[in-house]
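Read top to bottom, the protein sequences are chains P and C. The opening residue of the first sequence carries number 1 in this note's numbering; numbering runs sequentially from there. The opening residue of the second sequence carries number 1001 in this note's numbering; numbering runs sequentially from there.
Accuracy of the hints is not assured; some may be wrong.
In silico DSS-like cross-links for lysine-lysine, where the CA-CA straight-line distance does not exceed 30 Å [stated by the list, open to error]: (1) C:1288 x C:1340; (2) C:1020 x P:44; (3) P:77 x C:1070; (4) C:1020 x C:1007; (5) P:11 x C:1053; (6) P:77 x C:1104; (7) C:1007 x C:1090; (8) P:11 x C:1090.
From the derived model, a few chain P residues whose C-beta atoms are all more than 10 Å from chain C [to be verified]: (9) 23; (10) 69; (11) 86; (12) 87; (13) 88.
Quick caveat, the hints were computed from the structure, so don't treat them as lab data. Every residue gets a Cβ at the ideal spot worked out from N, C-alpha and C, and that includes glycine.
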Amino acid sequence: MKLIGLGEDIKQAAWDARINLSPEEETALERQLQNILRQAEFLKENEIYNAEPTHYPYTQQNTLREDNPSPSLPLDKVLENAPEANEIYFLVPRIVE
Amino acid sequence: MDINKLKNLNAFISLTSAVKTGETEPAGAITYALADNICTTELKTTCASFMLKAYQPPFGSSAAQKLKEKGALLVGKTNMDEFGVGAWGKSSYFGAVKNPWNEKHTAGSGAAAAVAGGAVTLALATDRWGELRQSAAYCGVMGLKPTYGRISRRGLIDCAPSLEQLGIIARNIADLASALETISGNDPQDPTSYKGDVPSYTDQLQERVRTIKVAVPESWADAPYMTKEVKEAFANGLGRLNKTCFQVETVALPHLRQSLITAVIIGAVEAFSNMANFDGVRFGLRAKGNHLQEMYRLTRTEGFSSEIKQFLTFGALISSGNYYNDYFLKAQKMRTIIKKELDQCLQQYDLILAPTTPFKAPLLGDGDNVNNESLLPDSAASYTAAANLAGLPAMTFPLPSPGTDRLPTAALHFTAKAWDETLLLQTARLLENEQE
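Here chain C stands alone, though its shape is the one from the complex (with noise of 0.2 Å):
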């Protein structure tokens, strides 16, 4: 591995010592990432944040440890935005991820860019309204989010808890399927994990698949930002999906569209609540302060960015007076409508397939070019929150690039049923044996 040739990219915050002294891994070693929010006794976890810059972990991530078990190797922690909110590379401590592809653009995460770099097997890292699978799909590499509750969740930092979740980055499906099926399962030590058993997705992945019926929303084009090489970049890809593993119809979902702004209202509210115990006491950055309420302020001013600010104060606004029932408890509701909507299509379809993004990765420095704010609300997000919403597996699966510079012009986006992760991959390994 030659982790030399990713240091420019700013993918790591922090490398394991075995990494440092340039040790070489075993042949055929599995080797991993994990986002600086997924806990580990080995390295420091910083979220991207001043406010952790120092924190050690007392115990680590139940999923990382799963992969330390089967003799993964772990390489280090990898960049993101502060506390992992949005994939546009602004807000992190530590400076913006670059593409591997083209170094003028976002990354989206360090996770990503380690694993189209070629730094790591795989990552794992998280996603809250599409994080992981917006940057998976800005480097050309495979991300699943899977249904939530399949991996513990135990050891990771999270600000948003009904939306967030870990999640895989991998080059190719045998690796991601490999590694899914490690990490899954219950754990004792995370409520919100799931107590069935966990298939044998390696074994399912070789079993042949009947036609796929496949759901594209009509309203796929419309996002906002949505460019045209991505519109144009769809379409194709659409039209290059075998005839005889996929049957294609268009189907509407009046309320999709309506699931980016519910997400981020939830999600704004979660984080102000989860987020209140980073005030000094216990961990992290302490400000001087003359007394305690001084002290809590100060450290969460100078502890936090400015967009981390913003976000938080979004959130407790929404959870005070008239806006609880008027905006978040709404969208409370309105999340249930989406996770009906989408129960009802899939009971009719195997799988609902749109746009991972409705842009390629920004350029940085840039944001302002697709989106004028930077976290409310992240249009980037568009079609990848709906599943977080629901709870439901989503992958997202990269289209070759027309360009020149080999970045990644678009993604396909695929959600399946609840705990269907199986019928994900089966779907991604029929669409990369068609690329090989």
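The following block holds chain P by itself, in its conformation from the complex (with noise of 0.2 Å):
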């Protein structure tokens, strides 16, 4: 069975990963798509509507730390990997389009 729609889908999921696809890796997707999708029929099963849904494998309560203050990381550690930044600023271009 082919999903219908799957590559309009790819093309609004790579925009929300802010991703550029080509063609070909739009149809390489597509492909690997209708194999997971199809492999995945077994989600649409009875006895998993009733299920809770697992987040993490374990939920712990209260993993506070303590409430003692700590230093953060120095600012120039913090800019120091930066593709741009001035003495306390990230740098990034304009936002207007």
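Need the complex rebuilt from these two chains, each delivered in its own frame; the hints are there to steer you.
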């Protein structure tokens, strides 16, 4: 069974992920998605409806650390890896397109 | 240590200055390597990606810091698939890692190749749906993924935080137990780390073990791309288990075969969210754009490999519209069912045993002979993904290779109850003693 509209959904998803896919990559991904969504048909079985979702394998309660103040990373360390920065800020291109 | 003999394997991305200058480590020193998505302030951390090829972490991994405090010597950062997604050797910016037993085959990861090749005593690497255990099996060494929370995840550049953990690769069980004892324990800077006590694994290795009840899934031979030689090797391995130590029974685990797709769906959605910060603003590559949105898009398009771009797009798709309810939410529900099934099995049995991978290390450049596509789904993870979904400890133990080239054929994959790494280590010690 070929899923209708998957190609358009892939274009939108690539946009959401802030990624440009080449036509060849879109075609390859569509082929893979047809395959994986076909294999995921078991997710439509009734037994799943009543199960609670698991987000993390073990949820611990009260995992807050001790409420002791501690220093943040030094500013120069934080900015060290920035592609572009001044002394106190990350610099980015203009926001208006 | 002779790092030079591993150069042609492409196992390392970077080496510490002591290794580069040829300094000899003190006699008896423990040497280790870190997969290149585990941060250290001593070396760059690239995640084997063009996106981070010059990234110098401002802080290091808690686990690596504990090894350092114990006197272990860092040798270098090891190669892997980009961001650790997969164990195929296809997507690293630095090229594929060759298997030390046969260079025509992938090693799965530089961490496993470095340990198998004798460059280090042990390596820390990450395991999302089994990459650490698969690559250890491909290279004929031991690999342990402990219970989720046993080892701090601070300093790990992960992409699927609910699945992904640090684990250990080693050639012998004594080194593995010692390393686990050293790096386990609560870390206030990792809210997912476990607050319970850490057992003395090295002492417990010596304890006498009662007969171990082992459950083998009745569907163990049904994984996609399962090869005849792995079937035979695993069946022989089962037959050789010492009857006085192991009581083996076949059990039905009907949802085990659904764990791979379930993990891939969950992992892709988490990666789409978790890797949104690779946008060229605070670290890593930045592409030139006329405005902010264009800069984001061009940075991610140029910085990621084709495989990662498709993986993240898949995650974005499953996060959206009807796909979210139809696939992601249901995958999380299936995760509950799989976890419950494994937990119930482990109330009756001590361990679950299956092959680690359905095939031996794939040929480099010819992965299509066992899997037509690269990432989705990764059939190598057919037996390993369930432990990540359930957060259970799991370990791979190599079987003797019958082949003339000594390329490992198959390995035993054990899964234990949560927090019972001790039994995995004791089991491996029994098997190690039998092989000696």
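Each hint tested on the structure:
| no. | hint | in the structure |
| --- | --- | --- |
| 1 | C:1288 x C:1340 | 49 Å, violated |
| 2 | C:1020 x P:44 | 56 Å, violated |
| 3 | P:77 x C:1070 | 27 Å, holds |
| 4 | C:1020 x C:1007 | 12 Å, holds |
| 5 | P:11 x C:1053 | 28 Å, holds |
| 6 | P:77 x C:1104 | 42 Å, violated |
| 7 | C:1007 x C:1090 | 18 Å, holds |
| 8 | P:11 x C:1090 | 25 Å, holds |
| 9 | 23 | 12 Å, holds |
| 10 | 69 | 13 Å, holds |
| 11 | 86 | 14 Å, holds |
| 12 | 87 | 15 Å, holds |
| 13 | 88 | 14 Å, holds |
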